[in-house]
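Participant: So the chains spell out like this:
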Amino acid sequence: MTYENAAEGALLKDLYSGRNDNLENTVFAMLGPDGKKRLTMTGRSPNSVYGSGSESAATMARAMKRHARRYGKSSDTKSTLTRSTEQSPAVPTVANLRLALNVASCENRPLVIVFHQEARSRRQLETNLGEVVWKKLLVGRSEYVVVDEPKALATIAQLRNDPKPGIYVVRPSTFGDRGRLIASIATDHKGTELAKELDAAFSKYRPREKIRGTHVATGQEIGVKWETQTPITDSRSSRKSRQGRTRRRR
Amino acid sequence: MNTTTMLLGSVLLTGALCGQQTDATAPEREARSDAATGIAWFGTWDRGLAEAKRTGRPILLISAAPHCSRVPGMW
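As they're listed, the protein sequences go chains A and B.
Residues in the first sequence are numbered consecutively from 1, following the working numbering.
Residues in the second sequence are numbered consecutively from 1, following the working numbering.
Hints may contain errors.
When the alpha-carbon atoms are kept at most 25 Å apart in a straight line, the in silico SDA-like pairs for lysine to any residue are as follows [stated by the list, open to error]: (1) A:K135 <-> B:I39; (2) A:K210 <-> A:K196; (3) A:K36 <-> B:R47; (4) B:K53 <-> A:A63; (5) A:K65 <-> B:R47; (6) A:K225 <-> B:R47; (7) B:K53 <-> A:A7; (8) A:K196 <-> B:G38; (9) B:K53 <-> A:A61; (10) A:K136 <-> B:I62.
Which stretches of chain B does chain A cover? Using the computed rule of at least three CB atoms under 8 Å from a CB of chain A, they are [stated by the list, open to error]: (11) 38-45; (12) 49-55; (13) 60-68.
Simulated from the structure, these hints should not be mistaken for laboratory data.
In this text, a Cβ means the ideal position worked out from N, Cα and C, and glycines have one as well.
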């Protein structure tokens, strides 16, 4: 995420920096599996590389297929892929609960929290989760985060006091600063049982209707402000933020 | 321009796009992760890169900031 990790920020700025040679809010790139080789031009968005016309999505899709085929044909890659299918990818976690709640709110999805204070048990929970979260039934339906400290759960209403280890499904608030429990799953549930419980919890989630202008105006009015981990360096973003503050003072 | 942005992620162009064929049986394929036949999104660079290296698949990277004019809850 832009402005949320200094090392990622340096990498992003190296991939693409705007007219003022600063990291901008968004970065788009297609890279080789080593994370270094650039397969296309980089830019602020796919539109900046493929255009915004009616054919741009199709052009991008063709490029993606071309790159995928290219790597798919490599004999080294094939052996890697054969191995890879024997093991599920890692759980696609967000770095911390504060950020994960916000991202889940932005995405209008539930958040799954893996909580255990003991490292080995925490890893086991994550492994159990990794075996099911990429299944068609569940993929793309929630965000994920791993928490090891009880006090980190203070923003989740039902988990403030003496939370038990487990997997929790949470509904993020409108501004992603708090959460409410949708379901809790025992630590010994895994496989099909775990998948069914997650599916049931996700099905209880009702997305909020959010209108950009109203959301931002309300947030500014009540003083909700996101503090980034690194300074915002996109000049267009700073200008718009100042305009918002000016409007509020009128 | 909109100050909102989308989530960072690294996305892996995976099996279906790659057109990969392996020697697995149908039930084995069925049992496998669907991430092997689609696009898998990751929320951190480290995990996305690790997966790209593990599978040999290319990366589609989109980074964004989780706030709009500093208001969270909206890209």
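Participant: Would you mind marking each hint as holding or not holding in the structure?
Facilitator: Okay, the hints, checked on the actual structure:
| no. | hint | verdict |
| --- | --- | --- |
| 1 | A:K135 <-> B:I39 | holds, 12 Å |
| 2 | A:K210 <-> A:K196 | violated, 29 Å |
| 3 | A:K36 <-> B:R47 | holds, 15 Å |
| 4 | B:K53 <-> A:A63 | holds, 20 Å |
| 5 | A:K65 <-> B:R47 | holds, 23 Å |
| 6 | A:K225 <-> B:R47 | violated, 28 Å |
| 7 | B:K53 <-> A:A7 | holds, 19 Å |
| 8 | A:K196 <-> B:G38 | holds, 22 Å |
| 9 | B:K53 <-> A:A61 | holds, 22 Å |
| 10 | A:K136 <-> B:I62 | holds, 23 Å |
| 11 | 38-45 | holds (count 7) |
| 12 | 49-55 | holds (count 7) |
| 13 | 60-68 | holds (count 9) |
Comparing the model with each earlier hint shows violations of hints 2, 6; every other hint is respected.
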